[in-house]
Amino acid sequence: MSGTRARAGDRTRLTDREGFLAWAFLLPTIVYLTALVVAPFGLTVAFAFSRSTSDAPSYRFGGLRGFRAVFGDDVFWRSLLDTLTLTCVSVVLVVVLGTVLAHVLRADLRFRRTVRTLVLLPWTTPVALSAISWRWLLGPAGSPVERVLRGASLLHGGGSPLGRTGPAAVAVVAAHVWRLTPLAAVIVAAGLNAVPSGVWDAARLDGAGFWRRLFGVTVPLTLPVTAVAAVFTAAITFVDMAVVRVLTGGGPHDSTQVLPTLAYLRGVEGGDIGAGAAASLFLLPLFLAGVVVALRAVRRAEAIR
Amino acid sequence: MRRRDEAGTAAKAVEARGLVKVYEGRRDRQVRALDGIDVSSNQGEYLVLLGPSGCGKTTLLRTIAGLERPTEGEVYIGGQLVNGLPPRIRRVAMVLQSYALYPHKTVHSNIEFPLKAENVPRHLRERKIRWAADLLGIPDLLGRRPRQLSGGERQRVALARALVREPAVFLLDEPLSGLDAKLRATTRDELKRFQRQIGTATIYVTHDQEEAMGLGDRVAVLDAGRLRQVGTPRDIYDEPADTFVATFVGSPPMNLVQRANRLVGFRPEHLLPAENVAYDSRVTMPLRIERIEYLSGDRHVYGTVTKIGTETRVIARLPATVITPLAPGETHEFAVPGDRLRFFDAEYGIRTAPVRIGG
Amino acid sequence: MTPVNGLAARTAAREMLRQRRLAAVRQVVVRVTVYAVAAVAALVCAAPFLWGLATAFERGTPGARHRPTTEHVRALFHSTRFPTFVVNTLVVGGLVVVVTLALALPAAYALSRLHRSWGGRAGLAILLVYLVPPPLLFLSLSRVVATLGLADSIWSLVLVHPTVTVPVSVWLLAAFLRGVPVDIEEQAMVDGHSRFGAFVRVVAPQVLPGIAAVVVLTFTLAAGEFTYALTFIWSDASMPVSTGLPARLGGGDPMLWRSVQSGAVFVAVPLAIACGLFLDRFVSVLAQGAHRD
Numbered sequence: 001m002s003g004t005r006a007r008a009g010d011r012t013r014l015t016d017r018e019g020f021l022a023w024a025f026l027l028p029t030i031v032y033l034t035a036l037v038v039a040p041f042g043l044t045v046a047f048a049f050s051r052s053t054s055d056a057p058s059y060r061f062g063g064l065r066g067f068r069a070v071f072g073d074d075v076f077w078r079s080l081l082d083t084l085t086l087t088c089v090s091v092v093l094v095v096v097l098g099t100v101l102a103h104v105l106r107a108d109l110r111f112r113r114t115v116r117t118l119v120l121l122p123w124t125t126p127v128a129l130s131a132i133s134w135r136w137l138l139g140p141a142g143s144p145v146e147r148v149l150r151g152a153s154l155l156h157g158g159g160s161p162l163g164r165t166g167p168a169a170v171a172v173v174a175a176h177v178w179r180l181t182p183l184a185a186v187i188v189a190a191g192l193n194a195v196p197s198g199v200w201d202a203a204r205l206d207g208a209g210f211w212r213r214l215f216g217v218t219v220p221l222t223l224p225v226t227a228v229a230a231v232f233t234a235a236i237t238f239v240d241m242a243v244v245r246v247l248t249g250g251g252p253h254d255s256t257q258v259l260p261t262l263a264y265l266r267g268v269e270g271g272d273i274g275a276g277a278a279a280s281l282f283l284l285p286l287f288l289a290g291v292v293v294a295l296r297a298v299r300r301a302e303a304i305r
Numbered sequence: 001m002r003r004r005d006e007a008g009t010a011a012k013a014v015e016a017r018g019l020v021k022v023y024e025g026r027r028d029r030q031v032r033a034l035d036g037i038d039v040s041s042n043q044g045e046y047l048v049l050l051g052p053s054g055c056g057k058t059t060l061l062r063t064i065a066g067l068e069r070p071t072e073g074e075v076y077i078g079g080q081l082v083n084g085l086p087p088r089i090r091r092v093a094m095v096l097q098s099y100a101l102y103p104h105k106t107v108h109s110n111i112e113f114p115l116k117a118e119n120v121p122r123h124l125r126e127r128k129i130r131w132a133a134d135l136l137g138i139p140d141l142l143g144r145r146p147r148q149l150s151g152g153e154r155q156r157v158a159l160a161r162a163l164v165r166e167p168a169v170f171l172l173d174e175p176l177s178g179l180d181a182k183l184r185a186t187t188r189d190e191l192k193r194f195q196r197q198i199g200t201a202t203i204y205v206t207h208d209q210e211e212a213m214g215l216g217d218r219v220a221v222l223d224a225g226r227l228r229q230v231g232t233p234r235d236i237y238d239e240p241a242d243t244f245v246a247t248f249v250g251s252p253p254m255n256l257v258q259r260a261n262r263l264v265g266f267r268p269e270h271l272l273p274a275e276n277v278a279y280d281s282r283v284t285m286p287l288r289i290e291r292i293e294y295l296s297g298d299r300h301v302y303g304t305v306t307k308i309g310t311e312t313r314v315i316a317r318l319p320a321t322v323i324t325p326l327a328p329g330e331t332h333e334f335a336v337p338g339d340r341l342r343f344f345d346a347e348y349g350i351r352t353a354p355v356r357i358g359g
Numbered sequence: 001m002t003p004v005n006g007l008a009a010r011t012a013a014r015e016m017l018r019q020r021r022l023a024a025v026r027q028v029v030v031r032v033t034v035y036a037v038a039a040v041a042a043l044v045c046a047a048p049f050l051w052g053l054a055t056a057f058e059r060g061t062p063g064a065r066h067r068p069t070t071e072h073v074r075a076l077f078h079s080t081r082f083p084t085f086v087v088n089t090l091v092v093g094g095l096v097v098v099v100t101l102a103l104a105l106p107a108a109y110a111l112s113r114l115h116r117s118w119g120g121r122a123g124l125a126i127l128l129v130y131l132v133p134p135p136l137l138f139l140s141l142s143r144v145v146a147t148l149g150l151a152d153s154i155w156s157l158v159l160v161h162p163t164v165t166v167p168v169s170v171w172l173l174a175a176f177l178r179g180v181p182v183d184i185e186e187q188a189m190v191d192g193h194s195r196f197g198a199f200v201r202v203v204a205p206q207v208l209p210g211i212a213a214v215v216v217l218t219f220t221l222a223a224g225e226f227t228y229a230l231t232f233i234w235s236d237a238s239m240p241v242s243t244g245l246p247a248r249l250g251g252g253d254p255m256l257w258r259s260v261q262s263g264a265v266f267v268a269v270p271l272a273i274a275c276g277l278f279l280d281r282f283v284s285v286l287a288q289g290a291h292r293d
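Quick mapping for you: the protein sequence lines, in order, are chains A, B and C. Numbered per this note's numbering, the first sequence spans residues 1 to 305. Numbered per this note's numbering, the second sequence spans residues 1 to 359. Numbered per this note's numbering, the third sequence spans residues 1 to 293.
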């Protein structure tokens, strides 16, 4: 009898037990993400209340010193506002253009492959490198954009468009929209694919014209996935520092600084870890807002089905 | 219903002339989904398109609706050429196989959608929705959303949505395929009564011969993008135009026995023990019985016939009234009334004139 | 037929003809619009790179007509450490891919197949981690990296980049895995494999195309990451392309401009082509995700 039990025990190996497998499979990921995301996040919060600097990196409690330094910093307020404006403008443009592009990507085109590869360029290229290309396109004397602006007498005097406050800000927005529209298009296209094709036929049979199909059927059905695209766009734009660092370097005169570049400027280049961490903590509210929107979108998507 | 006989009583509800639809596949491979179809349906008629899956019947329906453009040929609706017109202007209503209800709209808004598209004023819209909902017995469902409905209820909503447009023709694409077997039988009956009540020409696509024979005023049998035969269910069954129709329609299918360059066909219910067939002009053949199935009173006798042609496996269906004792292993003399024999060309399968069979 | 009916029929026919012409015109307009939008989109998306490519072989000032030259491209290889940057990017990207798959594949399997009561919440938590912005973490992670002795080494990136790639990969792979019928796996278990054996022998091969897609995506994300690379690495020898090339511009040598931006084009094109191959798969998986979750 004990022999039978031993054999039975033999057969239910550890690898057959779902509960064990589930843990064993998930644990490495959970441990890794906890160690390198959750814990550092706590550390950032701690640093925000510290007087640590890169010269004396060990932790010393500093109370609200970091925050006071940040609040007293004009550039901080400007960059906070800039970051919000940049994000909102980008999201609106990206969602609208991305939806249009999604329909085009799904259309039955000749040269479809070529078009799609070209359209993917902005999304797949490392941001910093596309920022270099943009700077080359916009910046130096003789670049196409510079010549067009001069020709339309929108640019006077010497220097590049990126050396001026207005054009530099527009350039940052343009680079972000250019980069994220393809991503939004792919997400929205996926949402369009998920709609059973009979629904499009039904709308045509029901006699709905283009606009009614768009606003009566397409938009409501892709609303959840459009929300996801918006959240992704916002999350990526809000936290990106590559475009600003490479395209404008935050200039001219810190007019295009955003929160992430400011955190880097103060925390790494300026050496004030406390102030840098405090500034970066202001990225948190948008992260939380993004989470809420994402969860809602998921729930809405569930409700419709 | 509005009378739509402006163009004269001669106008067909729908007419397709020489329809060809070619799909470009990968690597220049072409698929001829429709290969020269001529078919028409009369006012108020129930026309069923019957065929195996992939025969082009859905493509034909979609081409009539304006969802596909034909490669060649013309579509007329109410006597007017409608090629190139979007579905909206054709005044057709179609119920798709999946019903395709808008998942984000309530039943009420689903039915209202085509009315809004036509800019019907609100009070008229409400009246029409009410009328359609009452007709289909779904007034209680108006506030629900499609995912809260059963398959049968969805089908009714889809019908109501099609109905409110007061179309010139109804196109139904396998509307019963999403329902379970029990519901299918009752719904089939309702569909027929519903169409009688509305009196609108209806084209109905199905692969189920029972549905086709039961519902259709006329049945059009399609295979491989070609029209094989159009006729009343009785014509289709009794006078099949070729061996495809003969074997596709009827269950069990028609027996075909090769005799020289002809195929001799007879329905299983006409192959009876010889003593049950009137003596004059019958054709007898010995049947070696292999197996007998008892199905709801009938006996299905599986066996092999010889003498009249090549030795062939056939099926005989004996009604309960035939009480001749039969057992597997025996050979029994069977017979078919001479006027029940059908003849087809052995090579092309086309119906031919009768051939004298002695015996 | 009465004359009145004949008139009505003729009017109807004329109306139909008008509608047919309208529909034909409308169709042409739609077609032209779609092509125009596609052309404009493709052009705008490629514009910076097209300009970059056009000027990479130019002599003298941009736009001026001269004989093409390869001097700028040669300078890219001689005066900058472009080859080193590329090798660093390839090594980091490759290792990140390996680490990501090792972590994400089992996790995705657990989430999609081994139904636990906490499965849904765990999946959501992993996805939320993806939304935690790197700029919130780079200060503290740079301390972590320094403590581990990995500062200014490509290993710091191999350690940290998967924080970005693992959550996305888990999500994508879970969607792919849900696409594999459970029956196949159960059949393998009935045929004598353990759960684990069934996963390795039957399920994993089925999601191979999905895994390939995730590999491309992970590599692209790792190659494009900027914040961590900027913070952790400051010497040329360890820099990846994404910070190495921009850093050459900071030096302010205008002669290098063309060379550097041509390097950007050389990196951009292969990545876009690789991702283009898998676009349909991403779209379908995103669609599945939208459909099921």
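Any given hint could turn out to be false.
Where chain C lies over chain A, by a calculated footprint (3+ residues, C-beta under 8 Å) [as the list claims (entries may be wrong)]: (1) 35–42; (2) 117–129.
From the derived model, a few chain B residues whose C-beta atoms are all more than 12 Å from chain A [said to hold, decoys possible]: (3) V95; (4) E112; (5) E118; (6) G137; (7) G152; (8) D173; (9) G214; (10) S251; (11) S296; (12) G329.
The set of hints was computed from the structure by calculation and includes no laboratory data. A virtual CB, placed ideally from N, CA and C, is assigned to each residue, including glycine.
> Would you say B/E118 is clear of chain A, with no C-beta pair closer than or equal to 12 Å?
Replying inline: Violated, since 6 Å does not exceed 12 Å.
> Is B/G329 truly not at the interface, in the sense that its beta carbon sits beyond 12 Å from all beta carbons of chain A?
Replying inline: Since the minimum Cβ distance to chain A is about 51 Å, B/G329 lies beyond 12 Å and the statement holds.
> Against chain A, does B/V95 keep a CB gap of more than 12 Å to every residue?
Replying inline: Answer for B/V95: violated, closest chain A Cβ roughly 9 Å.
> Three or more residues of the segment 35–42 of chain A near chain C by CB distance under 8 Å?
Replying inline: Coverage by chain C holds here, the residue count being 5 at a Cβ distance below 8 Å.
> Does the no-contact call for B/E112 survive, Cβ to all of chain A over 12 Å?
Replying inline: Violated: least Cβ distance 10 Å, not greater than 12 Å.
>> Does B/G137 clear chain A by more than 12 Å, comparing its Cβ with all Cβ atoms of that chain?
In response: holds, 22 Å
> Are all C-beta atoms of chain A more than 12 Å from that of B/D173?
Replying inline: At roughly 9 Å from the nearest Cβ of chain A, B/D173 sits no farther out than 12 Å, so the non-interface label is violated.
>> When I compare C-beta atoms, does the segment 117–129 of chain A have three or more residues closer than 8 Å to chain C?
In response: holds (count 13)
> Hey, does B/G214 actually stay past 12 Å from chain A on C-beta?
Replying inline: For B/G214, whose nearest Cβ neighbour in chain A is about 26 Å away, the distance exceeds 12 Å, so it holds.
>> The output says B/S251 does not contact chain A. Does that hold with a beta carbon cutoff of 12 Å?
In response: holds, 30 Å
> Would the least Cβ to Cβ distance between B/S296 and chain A come out above 12 Å?
Replying inline: Since the minimum Cβ distance to chain A is about 37 Å, B/S296 lies beyond 12 Å and the statement holds.
> Taking C-beta pairs only, is B/G152 more than 12 Å away from all of chain A?
Replying inline: holds, 18 Å
This entry does not satisfy hints 3, 4, 5, 8, going by the numbered hints stated previously.
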